[in-house]
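Peer 1: Let chain A serve as the given structure and place chain B on it in line with the hints.
Number of protein chains: 2
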Amino acid sequence: MSEQPAASYPVDDTNRIKRRHQRAHYDHATVHALLDSAALCHVSYVIDGQPYCTPTLYWREGTTLYWHGSSASRMLRNLSEGQPACLTVTQLDSLVLARSAFHHSADYRSVMAFGHAKLIEDEPEKSRALTMMVDRLFPGRTATLRPTTEQELKATAVVSMEIEKASAKVRAAGVIDDDEDYALAIYAERIPVRTVIGAPEPDSRLLPGLARPATLSGFNAGRRLDEVLTEAYAMSYPAG
Amino acid sequence: MSEQPAASYPVDDTNRIKRRHQRAHYDHATVHALLDSAALCHVSYVIDGQPYCTPTLYWREGTTLYWHGSSASRMLRNLSEGQPACLTVTQLDSLVLARSAFHHSADYRSVMAFGHAKLIEDEPEKSRALTMMVDRLFPGRTATLRPTTEQELKATAVVSMEIEKASAKVRAAGVIDDDEDYALAIYAERIPVRTVIGAPEPDSRLLPGLARPATLSGFNAGRRLDEVLTEAYAMSYPAG
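From first to last, the protein sequence lines stand for chains A and B.
Mapped onto full-length UniProt numbering, the consecutive letters of the first sequence carry residue numbers 1 to 240.
Mapped onto full-length UniProt numbering, the consecutive letters of the second sequence carry residue numbers 1 to 240.
Because the hints were derived from the structure by calculation, they are not lab data.
Keep in mind that a hint or two might mislead.
Which copy? The list can't say, so a pair holds if one copy fits it or any two copies do.
Unchecked claim - As a list, the in silico SDA-like pairs of lysine to any residue whose alpha-carbon atoms are at most 25 Å apart:
hint : residue 1 : residue 2
1    : K154      : A173
2    : K165      : Q50
3    : K165      : I47
4    : K118      : D13
5    : K154      : G69
6    : K169      : T195
7    : K169      : T30
8    : K169      : A33
9    : K165      : G49
10   : K154      : H103
11   : K169      : V46
12   : K126      : Q151
13   : K118      : V46
14   : K169      : R194
15   : K118      : S105
16   : K169      : T64
17   : K154      : D179
18   : K18       : V46
19   : K118      : T14
20   : K126      : D177
This is chain A alone, in the form it adopts within the complex (with noise of 0.2 Å):
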């Protein structure tokens, strides 16, 4: 029996990884990863000819990405009506000393992902998602939550983007110096860059009594961020 073949997204002028293809990767899994390690993107979009780019939480389920927003925001407005838009996250892994200036650099990995982004604006279909917002950081809080109101619904906007192309790129290389630099008398080191969560710190306002939910669990004191939200995801989406 052959093997599946793995599901890739396709490849075209937009999303190939000219420079460095070596780092380049177009497989869902390798994609896929990267989207769900991480709560923060940057997404791009254009208003008038002008380029903006935008922090905001987001998350995926199959090939989608959602994001959310401010039914008042620029940004939500302007995507309504199927706009271009490329979303990307970006870990950075280390900040690279080489022995020539050249040689600098930094370990990352990183996911452009290009699309349509369009309002969701069907009801049960925004609830869903805003559900599932709350849901893939922190599994089955939704439903231990004061329920949602039709008014804080009608103010909240939330996107959708089908993912047409994707790229991941991944650099875990460290020093790389030219052959004949590495005789020479010069410092040379890889620092390592993480990011991680710091000691909980509960609500001063909590009734008496009231324990951390067991579901936080992962959420402790010097774990890396990226591995917490890849287990919550994994928890939340058991399917993938």
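Peer 2: Relative to the frame of chain A, chain B by itself:
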């Protein structure tokens, strides 16, 4: 004697923060402090109507931003003629779990800077910019390196962008719930997030006896990256 008025970026429809305007800042001091606390940005630009959102290293001099890349890169070729661009820097500071889905949030600090990106054609200007690219992160390091070759200089493109407009947005509020929701038996907390430096990894091929330069002493395990980069910036640009 009256105080000198604080310098600020002009505000118009492009950069005005319309929602939660109490989180907005336009003064040079706030905008620049945020820009100088990070190394990674996302740049938005447009090619044939398609927005791109590209992660890259950047640095600031006065009211000018710089970033670099390969002379062959799509982004940099496209920007060579003074294209509109938006450079955004975001620091995620926490995830906020409130008593309603609607008030789930995050603490963050972000800057959006707008301008027209231009390729630096002048070789001495480009060479100086690349020196600052390294020295802004690692003060004085370029003088200790193998000099940059003509070929390397040609292979590198540097873009500069005068900041025409900018806005900073800061949320540092933790949990904020509706008044009546504080009476509910629902757990709420702020989960701090920070980006820190790991244990530096000296290159395995260092010549024997090469010690770590004292100028790198700020880059030590456990320190916050934003604090270390702010210190490094102040050492490289004592005038601010």
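Peer 1: Each hint: holds or not?
Peer 2: So, going through the hints one by one against the coordinates:
Within a single copy, K154 and A173 get their C-alpha atoms only as close as 47 Å, which misses the 25 Å cut-off; across copies the closest is 24 Å, which meets it. With identical chains, the CA atoms of K165 and Q50 are at most 25 Å apart both within one copy (23 Å) and between copies (12 Å). In this homomeric assembly, K165 and I47 come within 25 Å of each other (Cα to Cα) both inside a single copy, at 22 Å, and across copies, at 16 Å. Taking the closest pair of Cα atoms, K118 and D13 come within 25 Å of each other both inside a single copy (23 Å) and across two copies (23 Å).
Proximity of K154 and G69 under a CA criterion of 25 Å is satisfied intra-copy only: 11 Å inside one chain copy versus 43 Å between copies. In the homo-oligomer, the alpha carbons of K169 and T195 lie at most 25 Å apart both inside one protomer (19 Å) and across protomers (21 Å), since each shortest distance falls under that limit. When the C-alpha separation of K169 and T30 is checked against a cutoff of 25 Å, the pair qualifies only within one copy, where the shortest distance is 9 Å, while the shortest distance between copies is 32 Å. In the homo-oligomer, the alpha carbons of K169 and A33 lie at most 25 Å apart inside one protomer (12 Å), although the nearest pairing across protomers, at 29 Å, exceeds that limit.
Proximity of K165 to G49 under the C-alpha cut-off of 25 Å is found in both arrangements, the shortest distances being 22 Å within a copy and 16 Å between copies. Proximity of K154 to H103 under the C-alpha cut-off of 25 Å is restricted to the inter-copy arrangement: shortest distance 14 Å between copies versus 51 Å within a copy. When the C-alpha separation of K169 and V46 is checked against a cutoff of 25 Å, the pair qualifies both within a copy, at 24 Å, and between copies, at 20 Å. With identical chains, the CA atoms of K126 and Q151 are at most 25 Å apart within one copy only, with a shortest distance of 13 Å there and 54 Å across copies.
In this assembly of identical chains, K118 and V46 lie within 25 Å of each other by CA distance both inside one copy and across copies; the values are 14 Å within and 19 Å between. Proximity of K169 and R194 under a CA criterion of 25 Å is satisfied in both settings, with 18 Å inside one chain copy and 23 Å between copies. For a Cα distance limit of 25 Å, the shortest separation of K118 from S105 across copies, 22 Å, qualifies, whereas the shortest one inside one copy, 36 Å, does not. Within a single copy, K169 and T64 get their C-alpha atoms as close as 20 Å, which meets the 25 Å cut-off; across copies the closest is 28 Å, which misses it.
In the homo-oligomer, the alpha carbons of K154 and D179 lie at most 25 Å apart only across protomers (20 Å), although the nearest pairing inside one protomer, at 61 Å, exceeds that limit. Taking the shortest alpha-carbon separations for K18 and V46, both the intra-copy value of 24 Å and the inter-copy value of 18 Å come in at or below 25 Å. Taking identical chains as interchangeable, the C-alpha atoms of K118 and T14 lie at most 25 Å apart whether they share a chain (20 Å) or sit on different chains (22 Å). Proximity of K126 to D177 under the C-alpha cut-off of 25 Å is restricted to the inter-copy arrangement: shortest distance 22 Å between copies versus 51 Å within a copy.
In terms of the numbered hints stated before, the structure departs from none.
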